[in-house]
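K.L.:
Can you make the complete structure from the sequences, with help from the hints?
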Amino acid sequence: MTLPDLTAADLQPVLPALVLAAGASVLLLSEVFLTTASRSHLALIALGSSVLAGGVALATAFEPAHAVFQGLAVQDPFSSFVTVVVCLGLAGVVLLSADFLKQRQAERGEYYALMLFAAAGMSLLAMSAELITLFINLEVLSVSTYALTAFLRRGPRPAEAAFKYFILGAFSAALFLYGSALLYGVTGTTRLADMVGPLRTAMHTQPWLATCALALVAAGFAFKVAAVPFHMWAPDVYEGAPTPVTALMSAGVKAAAFAGLVRVFLFLGRADPEVVALALSALAVLTMVGGNLLALPQRNVKRMLAYSSIAHAGYLLLGVAALFPHPGTGVLAATPLMLGSPAVNSADAYKGILFYLLAYTVSSVGAFGVLSVLERHADGDGATAWDLDRFSGLAQRRPGWAVAMAAFMLSLAGIPPTVGFMGKLLVFRAAVDSGLLGLAIIGVLASAAGAYYYLRIVVYMFMRPAPAEGVLPEKYWATELALVASAVAVVALGVLPGRVADWLSQSGMFFGTR
Amino acid sequence: MLPVPLPHTLALAAVLFCLGMVGVMVRRNALVVFMCVELMLNAANLTFLAFAQAHGDTTGHVSAFFVIAVAAAEASVGLAIVIAVFRSRGTVNLEELKTMKH
Amino acid sequence: MSPSPVGPYLPLAVTLLVSGLMAAALPVLAHFLGPRRASKVKSESFECGSVSEGSARQRFAVKFYVVALLFIVFDIETVFLYPWAVNFKALGWFGYAEVAAFAATLLVGLAYVWKKGALEWET
Amino acid sequence: MSAEALLFYVFALCTVVSAGAVVLARGPMTSAMSLVATFFFLAGVYALLWAHTIAVLQVLVYAGAIMVLFLFVIMLLSMTEPEPAMKLNVARVVGALSAVGLGAALIASFWKLPTQPMGWAEDSARAAAFGTLKTVGEIIYTRYLLPFESVSLLLLAAIVGAVVVAKPRI
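Protein chains in written order, with the numbering used here: chain H, 1 to 514; chain X, 1001 to 1102; chain D, 2001 to 2123; chain B, 3001 to 3170.
The hints are simulated quantities; they were obtained by calculation from the structure and are not laboratory data.
Check the hints yourself; a few may be wrong.
To be verified - Here are a few chain X residues that face chain D, going by a calculated C-beta distance under 10 Å:
| # | residue |
| --- | --- |
| 1 | P1003 |
| 2 | P1007 |
| 3 | F1065 |
| 4 | I1068 |
| 5 | A1069 |
| 6 | A1073 |
| 7 | A1075 |
| 8 | S1076 |
| 9 | V1077 |
| 10 | L1079 |
| 11 | A1080 |
| 12 | I1083 |
Stated by the list, open to error - No more than 35 Å apart at the CA atoms, straight line, and that leaves these computed lysine-lysine pairs for DSBU-like:
| # | chain 1 | residue 1 | chain 2 | residue 2 |
| --- | --- | --- | --- | --- |
| 13 | H | K102 | H | K475 |
| 14 | H | K102 | D | K2116 |
| 15 | D | K2040 | D | K2115 |
| 16 | H | K102 | D | K2115 |
| 17 | D | K2063 | B | K3167 |
| 18 | B | K3167 | H | K475 |
| 19 | H | K102 | D | K2063 |
| 20 | B | K3112 | D | K2116 |
| 21 | H | K475 | D | K2089 |
| 22 | B | K3167 | D | K2115 |
| 23 | D | K2089 | B | K3134 |
| 24 | D | K2063 | D | K2115 |
| 25 | B | K3167 | H | K102 |
| 26 | B | K3112 | B | K3134 |
Quick reminder that beta carbons are idealized off the backbone N, C-alpha and C, glycines included.
P.N.:
This is the structure we're talking about:
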């Protein structure tokens, strides 16, 4: 037996996850050993760990891509940037949670610890390059999120939402795993990089088996990112979970699941780019159109944001589909992606996906933040807690919140000058460049339809009178800090995306594309 | 030659997987649905092991090893959630868990 | 063709077969051979002593569940120690460090549940 | 037919029957006990596939620990009443049919797999070591150390999650 020689260089990529896990352990131990009355230190520890982990990830973001842990994981700018986005989202969510939990007298170390575990899983998921490693890290983040969903025990909703999330999560994990087992059988390996060649052969010798295996893996991911028609769990779960946890699901879990999806299909898709591109495009169309249409009639803002999150998964899927050349446009012949040599246009698609993830993270954390301060503890879990009427006249009562919410809504709708607009621009442009003109047009139309329900909130906030007996919402400094930070980010990145977009261009150095 | 032809082992796994999947679709008791998910995980494990023998490669065994560990962790949290549902609703029948349908 | 690696299971199979047959045969034999005279006293849980009250199907307290659940998690930890134990020499300090990191993580979990009082029966 | 093949078909039949009972039984207790039986028969199949370690683990962890937890929950919730007859709706039928279709497509494709020459098993030392705890451990502790450490994270998250969710007061 030869022992692997681990060096510090091997450990460096997992450093963000180590920081997060260490922070979680400190939180757990301080929960049981420190019995002080004040519990604000918990949020501070969580915030500190997420900022530190994000900083570590950012510091390694410009290193050249290389395989670590004997090919089970890779470090490339892509994985580092996903970790940065996850940590950014986590920091925002921790700030929201601080007030949310204090108001409900539920400040517990376990809550933050589970969030940090989930984030550690996300960070590891983004770098996994082997199916079993990927599966385990996916489970780390899933198990933590299941528990977080059921964390508040008031009324039946959280437990039910957790159960729905759990059963569909476990079901999708089983689909993914069975697909992985079949892929292992067809190719004789579980390492993504080694699978490409054998899988390409298998697509010709055993097309049925290979296609079924790929479809199972894709279905597993489609559940995780809530792509139509695998989305039915999302609205109920998003609505039932505590609002900051919902923010974590829509920001962190989505980003990490997309990172895993991109990682897997970038390798496996090379076996048969046409079929994979076709499947991803179909999924993208269904998700963009379905998510937006389902969101239109929603008066419950939390549920509306859940459908909106589905629609955004559609735009991201469009970006993923743009990683592949498309048949019928002549690009296929011109692009040597099939042979694994430099892909001309895929760098733009990576940039689009990453920038979109960043844009969606800051906008949705902000939107859920406003939602979390508007919903009062006294509301219990009635559906009216998130009714559109809550936003009536918000501009008169809390103008700061209303302006921030307007920025988030514009960003989610993809209207300039916000980061959401830049994100959509990059993704749609990458799609057009790779021959997906029709899909890009459908995407633009779908997001135009989506603008209706985002702008409706803005209309309610600025043009409707405040309810006469309306209670003035309290002020919360931590949440407001998060709101200010994300609103500034939404506008600043929308006006001057230059520096960040340049950084993201580097993520074209995706491991395996050479 | 293998003592048992590979397609036969794989077919057994596929049958198990489909039984589990059908169970998840049609059963309404939350616990039984979860048991059906366990069937699906076992089908995946059986596939790993069958191919491991055919390839003469231990990776399949290592995968199954990890899958069992993951299944245990998943079961501990999942069953805790089942208890929480029962505590708040007094039932684990999925048909009755529909407070959130609008 | 090498001898089948399944051979060593033969004693196990024989044991299972014998015990299975025994388990099946004994109730059948008892059914045919044993006299059956049911009476009210006999159908009670205890033929002597205090009269039993209430249903036998009482709900367990959740605290037992938490203990059972922790058992599973630590069971998995033990399971991971076996493959280390048989390769202990070859893995040397490298393996020791790996397992130490693994165990340290779970030690945090143990300290947490212990102090949390999840292991106490009387609460 | 060799004794091994014969045993395999016996185990396979028992597995399918007991797995069917899990899906079809009306009471949760019957389902759970059938699932235990399924796990035992599968352990037999695993042993026939020369996966000795996994066969033992299957009994030790699946049948011995995970199923105990299931039974515990059934007893905890006093779940004895059988579930009412299932109502079929379109989504259920479509889902079940797609499961059957997937299974049929897969099984048809398995027969097109190339027959494995199994040349590796001619090496008797390799065949004897295959699937043993030592061989599996060598790979887990050298090549798979990253997922191994991830598992510790997973278990810790599971402990915390289970305590948070199941304990009446936290």
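K.L.:
Hinted pair, alpha-carbon criterion (35 Å max): B:K3167, H:K102. Please report holds or violated.
P.N.:
holds, 21 Å
K.L.:
Should the hint that X:I1068 touches chain D count as held when the rule is a Cβ pair under 10 Å?
P.N.:
holds, 8 Å
K.L.:
Compare the distance between the alpha carbons of H:K475 and D:K2089 with 35 Å, and conclude whether the hinted pair is satisfied.
P.N.:
violated, 62 Å
K.L.:
Does the alpha-carbon distance linking H:K102 and D:K2063 stay inside the 35 Å limit?
P.N.:
holds, 27 Å
K.L.:
Double-check X:F1065 for me: the hint is only fine if its C-beta lies closer than 10 Å to a C-beta in chain D.
P.N.:
Holds. Min distance 8 Å.
K.L.:
Given a cut of 10 Å on the nearest C-beta pair, is the interface hint for X:I1083 held or broken against chain D?
P.N.:
holds, 6 Å
K.L.:
Can you verify the interface hint for X:P1003: is its Cβ closer than 10 Å to any Cβ in chain D?
P.N.:
OK, holds: X:P1003 within 10 Å of chain D, min 7 Å.
K.L.:
Answer holds if the nearest beta-carbon of chain D is closer than 10 Å to that of X:A1075; otherwise answer violated.
P.N.:
holds, 7 Å
K.L.:
So if I understand the rule, the pair passes when the alpha-carbon distance is 35 Å or less; does H:K102 with H:K475 pass?
P.N.:
holds, 13 Å
K.L.:
Please work out if H:K102 and D:K2116 have their alpha carbons no farther apart than 35 Å.
P.N.:
holds, 21 Å
K.L.:
Quick check on X:S1076 please, does its C-beta sit within 10 Å of some C-beta on chain D?
P.N.:
Constraint on X:S1076 satisfied, holds at 5 Å.
K.L.:
Quick one, is the X:A1073 hint okay against chain D at 10 Å, beta carbons?
P.N.:
This interface hint holds because 7 Å falls under the 10 Å limit.
Of the numbered hints listed earlier, those contradicted by the structure are 2, 15, 20 and 21.
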